[in-house]
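Protein chains: 2
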Amino acid sequence: MEEERKKESEFRIKIDRESDSYDEFVSQIKTLVSDENAKQLKEMLDGAHPADIVTLFRDLEREEELYLFRILPKEDQAYALVKMEEETLESFLEELSVDEISNTLYHIETDETTYLLSYLPSAKRELVLANLSKADSFEIRSQLGFRESSAGRLMSKDFATVSITDNVRKGIINVRKKAKEIEDIYQVYVTDEDGVLEGFIPLKDLFLTPINTKVAKITNFSVFAFHYDVDQEEVANTFKKYDLFSAAVTDDLGRIIGRITVDDVLEIVEEEASEDILLMAGVSEDERLSTPILQSVKRRIIWLNVNLLTAFVSSTVVAFFEDTISQIVVLATLMPIVAGLGGNAGTQSVTVVIRNIATGDLSFSNWWEAVRKEFTIGVLNGLVLGTVTGCMIFFVKGNLVLGLVVGTAMFVNMIIASLTGSLVPIVLKAMRVDPAIASSIFVTATTDVCGFFFFLGLATVFAKYLI
Amino acid sequence: MEEERKKESEFRIKIDRESDSYDEFVSQIKTLVSDENAKQLKEMLDGAHPADIVTLFRDLEREEELYLFRILPKEDQAYALVKMEEETLESFLEELSVDEISNTLYHIETDETTYLLSYLPSAKRELVLANLSKADSFEIRSQLGFRESSAGRLMSKDFATVSITDNVRKGIINVRKKAKEIEDIYQVYVTDEDGVLEGFIPLKDLFLTPINTKVAKITNFSVFAFHYDVDQEEVANTFKKYDLFSAAVTDDLGRIIGRITVDDVLEIVEEEASEDILLMAGVSEDERLSTPILQSVKRRIIWLNVNLLTAFVSSTVVAFFEDTISQIVVLATLMPIVAGLGGNAGTQSVTVVIRNIATGDLSFSNWWEAVRKEFTIGVLNGLVLGTVTGCMIFFVKGNLVLGLVVGTAMFVNMIIASLTGSLVPIVLKAMRVDPAIASSIFVTATTDVCGFFFFLGLATVFAKYLI
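Protein chains in written order, with the numbering used here: chain W, 408 to 874; chain P, 408 to 874.
Derived from the structure by calculation, the hints contain no laboratory data.
Do not take every clue at face value.
Below, computed lysine-lysine pairings styled on BS3-like, alpha-carbon distance capped at 27 Å [to be verified]:
{"#": "1", "chain 1": "P", "residue 1": "Lys624", "chain 2": "W", "residue 2": "Lys585"}
{"#": "2", "chain 1": "W", "residue 1": "Lys585", "chain 2": "W", "residue 2": "Lys541"}
{"#": "3", "chain 1": "W", "residue 1": "Lys587", "chain 2": "P", "residue 2": "Lys481"}
{"#": "4", "chain 1": "W", "residue 1": "Lys577", "chain 2": "P", "residue 2": "Lys587"}
{"#": "5", "chain 1": "P", "residue 1": "Lys705", "chain 2": "P", "residue 2": "Lys804"}
{"#": "6", "chain 1": "W", "residue 1": "Lys647", "chain 2": "P", "residue 2": "Lys564"}
{"#": "7", "chain 1": "W", "residue 1": "Lys490", "chain 2": "W", "residue 2": "Lys449"}
{"#": "8", "chain 1": "P", "residue 1": "Lys481", "chain 2": "W", "residue 2": "Lys481"}
{"#": "9", "chain 1": "P", "residue 1": "Lys585", "chain 2": "P", "residue 2": "Lys531"}
{"#": "10", "chain 1": "P", "residue 1": "Lys490", "chain 2": "W", "residue 2": "Lys647"}
{"#": "11", "chain 1": "W", "residue 1": "Lys585", "chain 2": "P", "residue 2": "Lys585"}
{"#": "12", "chain 1": "P", "residue 1": "Lys437", "chain 2": "W", "residue 2": "Lys624"}
{"#": "13", "chain 1": "P", "residue 1": "Lys624", "chain 2": "P", "residue 2": "Lys585"}
{"#": "14", "chain 1": "W", "residue 1": "Lys624", "chain 2": "P", "residue 2": "Lys587"}
{"#": "15", "chain 1": "P", "residue 1": "Lys449", "chain 2": "W", "residue 2": "Lys624"}
{"#": "16", "chain 1": "W", "residue 1": "Lys836", "chain 2": "W", "residue 2": "Lys705"}
{"#": "17", "chain 1": "W", "residue 1": "Lys647", "chain 2": "P", "residue 2": "Lys871"}
{"#": "18", "chain 1": "P", "residue 1": "Lys587", "chain 2": "W", "residue 2": "Lys648"}
{"#": "19", "chain 1": "P", "residue 1": "Lys621", "chain 2": "W", "residue 2": "Lys587"}
{"#": "20", "chain 1": "W", "residue 1": "Lys490", "chain 2": "W", "residue 2": "Lys705"}
{"#": "21", "chain 1": "P", "residue 1": "Lys577", "chain 2": "W", "residue 2": "Lys585"}
{"#": "22", "chain 1": "P", "residue 1": "Lys584", "chain 2": "P", "residue 2": "Lys624"}
{"#": "23", "chain 1": "P", "residue 1": "Lys624", "chain 2": "W", "residue 2": "Lys647"}
{"#": "24", "chain 1": "P", "residue 1": "Lys437", "chain 2": "W", "residue 2": "Lys648"}
{"#": "25", "chain 1": "W", "residue 1": "Lys481", "chain 2": "P", "residue 2": "Lys541"}
{"#": "26", "chain 1": "W", "residue 1": "Lys871", "chain 2": "W", "residue 2": "Lys804"}
{"#": "27", "chain 1": "W", "residue 1": "Lys437", "chain 2": "W", "residue 2": "Lys449"}
{"#": "28", "chain 1": "P", "residue 1": "Lys871", "chain 2": "W", "residue 2": "Lys624"}
{"#": "29", "chain 1": "W", "residue 1": "Lys585", "chain 2": "W", "residue 2": "Lys648"}
{"#": "30", "chain 1": "P", "residue 1": "Lys871", "chain 2": "W", "residue 2": "Lys587"}
{"#": "31", "chain 1": "P", "residue 1": "Lys564", "chain 2": "W", "residue 2": "Lys584"}
{"#": "32", "chain 1": "W", "residue 1": "Lys648", "chain 2": "P", "residue 2": "Lys577"}
{"#": "33", "chain 1": "P", "residue 1": "Lys584", "chain 2": "P", "residue 2": "Lys621"}
{"#": "34", "chain 1": "W", "residue 1": "Lys449", "chain 2": "P", "residue 2": "Lys648"}
Pulled out of the complex, with its shape left as it was, chain W reads as follows:
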């Protein structure tokens, strides 16, 4: 037994891209594939986790991937598809036949099936659905009908229920029936005669209670349920807030139609956080290391072009003060300080606000709190940094008025930075646009324009003291 365990963990280490022997392992696989030595490949990959097979795919050519994929057990095929990155998945599914796809689908839960089918062109999807049993294809069709990113799309239809009027014995029978198809049963949902959700029973309670006990007696009525149309971000925030392990999904009449488990939520939390961080910088929300370069460029360059436009606006503001600059060249050297610090202070504000929106701490009930806080921070930052910078300029350049001009411009720009940084995402949210979208570009544009305007404007007004 000890031997067996060792062997397995040793194997796991093998498909680790960090390990020294990994390159050798890959070239071995490549040779076996080109020799079409299915038998030895199967031996080598026996027991490997589908997620690791997908990692291995990164270092193979498409033809090699397909060969490997086809010799995997059907169940592993399904999980390998689920674990593929979205861009690989789409082109990979194109290569597979309708039969190959439908054969794998029996081995995964309905939410995963729905996920995979959403990556097929609709004609091929219809063919795959026609290949499934009537019951399965009906279930999947109805799930595909739910709004994307809704609780309905996220849920699995594999769950066990028992009626509140039954006894524990019936509950155990129901679990036994489901146990074969469902890998992870942790609780049984309790419904009334019409299927309306009433509560749940943790699996251990069900099994440890005498079998003649009434279900109602051991039902936990504090059950969490989501309507199928609730947004996945709200689902995730509720799971986090209440430390849920699983929750039910109900239809308009309150009848249970699915369940969501915390592992589904894990992916959403990760996704939403990645989305925020990437969108803020003006990068497409799903850019990954494996995204083809031209696609990355195409998406990023859109925002850089927007940025180019905003940069021309700042440039026009500066051009407006060309006369002043030509008289007092030192202004050109100090411009970047005022604008640059404003940009970074604005980025700080926008980041904090976006993060608070994402975690649900900030909403329309308390947006004012956040803006007021950022404003106060802007004033304080502005006082400190404006004073420090003003004094430094005074000491270095020996001109008090110049110090005052820089300091004041910086003070004003810090306040503008904090207001823009906090208001932009809140306004976007109110307009039902993702608050993170390219926000750092918009915020730095504002702080550039305002920074240049106030600094050069003040300098123009007090020009005679600066020369």
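Chain P: place on chain W using the hints.
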């Protein structure tokens, strides 16, 4: 029954800060607290989730919070503490007596107890530990000994095991023993006679198998286990990669000493993502809406001061070219375009790279891939944007050389932006510093300095064609 369910869900809505009746609800609570009407308060809050009570705390004064806290059931008290924000928790625990704290601790799992105790000053912690049973205090002391953010800190010591030489009956008996203290048992861990982890049995398999079956027969040997000293980020990435629901934690000899469930991981994923996004912008990793303003200012201003220094460096670079600028003032108006776009392109690169590091897609085995990709993107972005900008300048200003100078400077700066953006986080990671730390400030500093230098440098070389 229907009535009861309705009532509960109605109540849940009540502690929703978004609801219209919330303000009224809070003022009702405040009145009852000032009247010290514990009976009616208990009725109003009966069945409320501790997480909601904590939400309510945000709108109460400390004295009111304490009054409410003290009338909660002990179990809810414990969960309320666990759900508090870290900053509130520390000062809240100061107000509670040693007895109050130790009484709540019996109701939560060891990982949560350890978490709470880490917020106590060590003298008070010792008193609380002395108040607990010997077994409990030993367990918690040993867990507090694990490194912060390690698997050992994260794990719960509440789990059920069975020896591989036993039969299913023994497994069920063990679960029954544990079932009273542990809320969520989903599997039983299988060990050899020395406690060395061998595998696990899902709870449903245990209960649905005839009780005389040998444990070995239904054991699943593909069990995931972490050494106690493994970093929590690695734990989270493994959970995500393999869609785990739970995993074991083992000591140096491979004996099981705890288990981690996916709900613990959810918090880490959220935390790590927040950390990245906030650190990148130069905001403290744990700044929240509720962080006191002065604390926020103190932490943010450190990075703004760093930014001030880098801004002075850029300013010095510009000052170096004062003569050229005084002759050709238009340069001052175009400077921000070259530097600004470089800054945003660099932010795009750094964001993508940091995100890939966090998700585990990028590591030391393939850092070169990421840098090469970003470099290529930099070249392509530079070609496109350099050409566009150069042409625009040529058409607007009617000077071909000026267009070429701006376009070339932008091309070079885009490449520098992509290299800095991708290398800075990788180098920080290699130095074992968080790759996200204030990276946007460092990257924009580099693109500012290089942008100004190349643009003004080229302009100086070709000055005679620009006047």
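| Are the Cα positions of lysine 577(P) and lysine 585(W) separated by 27 Å at most? | holds, 25 Å
| task | Compare the distance between the alpha carbons of lysine 564(P) and lysine 584(W) with 27 Å, and conclude whether the hinted pair is satisfied. | result | At roughly 33 Å apart (the allowed maximum being 27 Å), lysine 584(W) and lysine 564(P) break the hint.
| task | Sort out whether lysine 648(P) lies within 27 Å of lysine 449(W), counting only the CA atoms. | result | holds, 22 Å
| request: Mind checking the alpha carbons of lysine 585(W) and lysine 541(W) for me, to see if they're no more than 27 Å apart? | output: Distance ~19 Å between lysine 585(W) and lysine 541(W) Cα, so the pair holds.
| Between lysine 648(W) and lysine 577(P), does the CA-CA distance stay at or below 27 Å? | violated, 37 Å
| query | Keeping to a limit of 27 Å between CA atoms, is the pair of lysine 871(P) and lysine 624(W) held or broken? | reply | Cα-Cα ~93 Å, so violated.
| message | Given the hinted pair lysine 490(W) and lysine 449(W), is their Cα-Cα distance within 27 Å? | response | holds, 20 Å
| task | Quickly compare the C-alpha distance for lysine 587(W) and lysine 481(P) to 27 Å and report which way the hint goes. | result | violated, 40 Å
| field | Pair hint outcome, lysine 871(P) versus lysine 587(W) [Cα-Cα no greater than 27 Å] | value | This hinted pair is violated, its Cα atoms lying about 83 Å apart.
| Hinted pair lysine 585(W) and lysine 585(P), Cα distance within 27 Å | holds, 26 Å
| message | lysine 577(W) and lysine 587(P) were given as a pair; does the straight-line alpha-carbon distance stay at or below 27 Å? | response | Distance ~24 Å between lysine 577(W) and lysine 587(P) Cα, so the pair holds.
| Is the hinted pair lysine 481(P) and lysine 481(W) satisfied, with a Cα-Cα distance of at most 27 Å? | Given that 27 Å is the threshold and the Cα spacing comes to 50 Å, the pair is violated.
In the structure shown, a violation is registered for the earlier hints numbered 3, 5, 8, 9, 12, 17, 23, 25, 28, 29, 30, 31, 32, in ascending order.
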